[in-house]
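Numbered by the UniProt record's numbering, the letters in the sequence shown go through residues 1 to 255 in order.
No wet-lab data here; the hints were simulated from the structure.
Among the hints, erroneous ones may be present.
[What the hints assert, rightly or not] Cut-off 25 Å, straight-line C-alpha distance, at most; resulting in silico cross-link-like pairs (DSS-like, lysine-lysine):
hint : residue 1 : residue 2
1    : LYS117    : LYS103
2    : LYS141    : LYS34
3    : LYS117    : LYS34
[To be verified] Label pairs and their calculated CB-CB ranges:
hint : residue 1 : residue 2 : range
4    : ARG133    : ARG104    : 30 to 36 Å
5    : GLN66     : ARG133    : 33 to 39 Å
6    : GLU16     : GLU76     : 22 to 28 Å
7    : ARG104    : GLN132    : 34 to 40 Å
8    : ILE205    : GLY229    : 27 to 33 Å
9    : ASP46     : GLY107    : 18 to 24 Å
10   : HIS129    : GLU211    : 50 to 56 Å
11   : HIS149    : GLN55     : 17 to 23 Å
Just so it is clear, CB atoms sit at the ideal spot from N, CA and C, and this is done for glycine as well.
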Amino acid sequence: MRQIILDTETTGLEPEQGHRIIEIGCVEMVNRRKSGRTFHRYLRPDREVDRGAIQVHGLTNEFLAQQPRFADVVEELLEFISGAELIIHNAAFDLAFLDAELKRLPGPLRQTRNLCKVIDTLPLARQMHPGQRNSLDALCKRYDIDNSHRELHGALLDAQILLEVYLAMTGGQTALILGETTEASKDVGFEPVATIMRPRGVLRILRASEEELVAHERMLAAIDKSSGGKTIFKQLVLPSMTPEPAPMAAQAALA
Numbered sequence: 001m002r003q004i005i006l007d008t009e010t011t012g013l014e015p016e017q018g019h020r021i022i023e024i025g026c027v028e029m030v031n032r033r034k035s036g037r038t039f040h041r042y043l044r045p046d047r048e049v050d051r052g053a054i055q056v057h058g059l060t061n062e063f064l065a066q067q068p069r070f071a072d073v074v075e076e077l078l079e080f081i082s083g084a085e086l087i088i089h090n091a092a093f094d095l096a097f098l099d100a101e102l103k104r105l106p107g108p109l110r111q112t113r114n115l116c117k118v119i120d121t122l123p124l125a126r127q128m129h130p131g132q133r134n135s136l137d138a139l140c141k142r143y144d145i146d147n148s149h150r151e152l153h154g155a156l157l158d159a160q161i162l163l164e165v166y167l168a169m170t171g172g173q174t175a176l177i178l179g180e181t182t183e184a185s186k187d188v189g190f191e192p193v194a195t196i197m198r199p200r201g202v203l204r205i206l207r208a209s210e211e212e213l214v215a216h217e218r219m220l221a222a223i224d225k226s227s228g229g230k231t232i233f234k235q236l237v238l239p240s241m242t243p244e245p246a247p248m249a250a251q252a253a254l255a
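Make a model of the complete structure from these sequences and hints.
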C-alpha cells in the first residue's frame, strides 16, 4: 500500500478569504515503511502573509516572493499523490486549501478526494483518546516521539513527524522485506533484511511414560467399546506403527 503523509502551511486560516498555500510537504510510505521519497515546495502566494501566521511558520513575504506559484508545481504534486492514500492531521483544513488552489486553475475542476483516499488522523486520535488534547505536539508526547527540533511549524517537518505518530497510533512499522532485493524495493529505497543462518539443533523425542500409556490404552478401550469396535485410531494408526511390546503396567491395566 502506498501512503502519502501531507501537510501545508498557509498565509492565514480561511481559504474563503483568499488565503493561499505557501508550503507543501509530502512524505511517501510504502507498506508502512518510509520509502525515502518526498515532495517539498515553497510557494509564492501573491498576497501578504498574516503576521500571526509568520509567527507560526516563520515564512516571510520577502522569502516567498522568490518561490514558484502553485500553478507551476501542481502537475508534479498531483503526480506524486495521485492514487495514494493521503494521511493528514485535521484534513479538512489542508483539503480546503488544496481544493481552493485547484479551483483557481484553468481547465476541468479537480478535487483532492477524487484523486486520493484520505485518512484524517485528528478524528482517529479523538476516538482513541477521548477528552484529551490531540494536537500533533500532544500526540508526540503521548507516544514518546521526539519533536524537540520543531521550533516552528514546517510542512515537510510536520509530515515527517505525523508519519511517526501515525505508525505509533496504528501499531507500528510492521512490513519487512526479506530475502533478495526486488526491483520494487530498489525504487522506494528499501534495504533487504539479511537472513541469519544458524545450525539446526537435534529435536528431542519425548516418549510417553508408563502412566500416560496406561491412560491412553484405557481411553482407546472405552472408545472402542462405545463405538462397537470402530475406533479410527486402531484401524488406521496402529497398523502403520511398528509393534512394540506393551509395558507391563499397561498389560496389567487391561487384564
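*Hint numbers contradicted by this structure*: none
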